[in-house]
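Participant: Given only the sequences and the hints, what does the whole structure look like? Please build it.
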Amino acid sequence: MTRDEYVRSVGRSLGDLPWSTRRDLLAELRGHLDELPAGTDFRAQLGPPETYAGDLRAAAGLERRRGVVAFLRARRPRNLILFVLALTVVGLAIGAVAWIDSYQPIVYGNATQLPLDSKPSSGRPGMTVVFRKGRPFLYGVTIRNGGRFPVRVLGVPRDVTDFFKARLLMNKPNPAADERPLEHFRPFDLDPGETRWLVWKGIYACTTGAGGGGLAVIREDIPVRFKFLWRTETTFIPAQDPLTIVFHQRCPPPARHR
Amino acid sequence: MDQTQLLKGVLELAVLAVIARSETYGYEILSMLESAGFDGVGDASVYGTLRRLEQAGHLESRLAASDSGPARKYYSVTQSGAEQLRAGTETWSRINAAFRELVEP
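Line by line, the protein sequences are chains A and B. Numbering follows this note's numbering, with no gaps: position 37 of the first sequence is 97. Numbering follows this note's numbering, with no gaps: position 35 of the second sequence is 144.
No lab work stands behind these hints: they were computed from the structure. Incorrect hints may have been included.
Stated by the list, open to error - Okay, derived cross-link-like pairs now, EDC-like style, lysine to aspartate or glutamate, Cα gap no bigger than 20 Å in a straight line:
1. K182(B) x D84(A)
2. K225(A) x D281(A)
3. K182(B) x E88(A)
What the hints assert, rightly or not - Take a look, some chain B residues computed to stay more than 12 Å from chain A by CB distance:
4. L115
5. E132
6. E169
7. Q193
8. A196
9. E199
10. V212
Glycine is no exception: its CB is placed at the ideal position from the N, C-alpha and C atoms.
Facilitator: Rendered as structure tokens:
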């Protein structure tokens, strides 16, 4: 058994002692072993490491320690600090990932462009418009970044209530949140506090869903696809005025949707 | 009769007595104790006693470079240690005398 092996074995038997105490005892043991003549059989000279540790403990009046505090004090302070730091970093990383995964700053921007001829709905909140196939359709809302970090707006996914064929338009950012001039939508960064218009301009059309005589569909929110750091998600912005589209005639979807 | 337990009883005084002669280090203390007849006391007991005495303030230590290896820890007796040695010696002498009275009537 080499000097270091003997010292390590004694150290293991004293593993419950505070690290600084153990360090001093083992340093002294190391010094003592260095004083012994070369070739000394440490085990034969000093006895088994466990016995040596027991005698040392008894003579020094060091009782065996148990419990969480003793466990922590037995750790090397540097290792304990590194462990706590690592734990903190991991905790912060988990918290950051959780926060990023839940971050959704896009809110309704307090302005809506309603279709022509829309009227207040009777008996429920919002506006109502009558579906007229092939007639001009214009509908839009403003979205605002109510958070503290910019997000990238990627688009507006199709919705089952999209009974129109239209281009999605957007405006350039301006302090007055003025709707015009509109241009074709392309992904853009929505900075904190910034408001943008998203407007569909086209015609009423039978598209994805099944409409019918006397039926109606209600559009209560606007899906907005956005990206924040690595995360891409679709959020649904509640419309201030839910839009009800009433069908007086059947509106079968195109053959590919049947 | 196993003398180890008897020796352990006076080990603290013996260690103080050795160090009181002059500042010295662990291995030398062990050697002097062995020469004096304390050969039944394990090395660990001596080092443990040194630590306990130092913690109690009866000894103080300093590290000094050694020609033959790593730095050595040299011990010297403090005022408190000297008083402990004096009081302990008196107690031991009384016990020794009392014991002699018993076995040598």
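Participant: All hints, please: hold or fail.
Facilitator: Taking the hints in turn, this is what the structure says about them:
About 11 Å separates the Cα atoms of K182(B) and D84(A), which keeps this hinted pair within 20 Å; it holds. A distance of roughly 18 Å separates the Cα atoms of K225(A) and D281(A); the hinted pair therefore holds under the 20 Å criterion. Taken as a hint, the K182(B) and E88(A) pair is honoured in the structure, with Cα atoms around 8 Å apart against an allowance of 20 Å. Listed as outside the interface, L115(B) is consistent with that label: its C-beta sits roughly 15 Å from the nearest C-beta of chain A, beyond the 12 Å cut-off.
Interface exclusion of E132(B) from chain A stands, the closest Cβ pair being 16 Å apart, more than 12 Å. Every CB of chain A is more than 12 Å from the CB of E169(B) (nearest about 14 Å), matching its label as outside the interface. Distance check for Q193(B) against chain A: the nearest CB is about 15 Å away, which clears 12 Å, and the non-interface claim stands. Distance check for A196(B) against chain A: the nearest CB is about 19 Å away, which clears 12 Å, and the non-interface claim stands.
No beta-carbon of chain A comes within 12 Å of the beta-carbon of E199(B); the shortest separation is about 23 Å. Against chain A, the non-interface label of V212(B) holds: every CB pair exceeds 12 Å, the least being about 29 Å.
Hint compliance for this structure: every hint is met.
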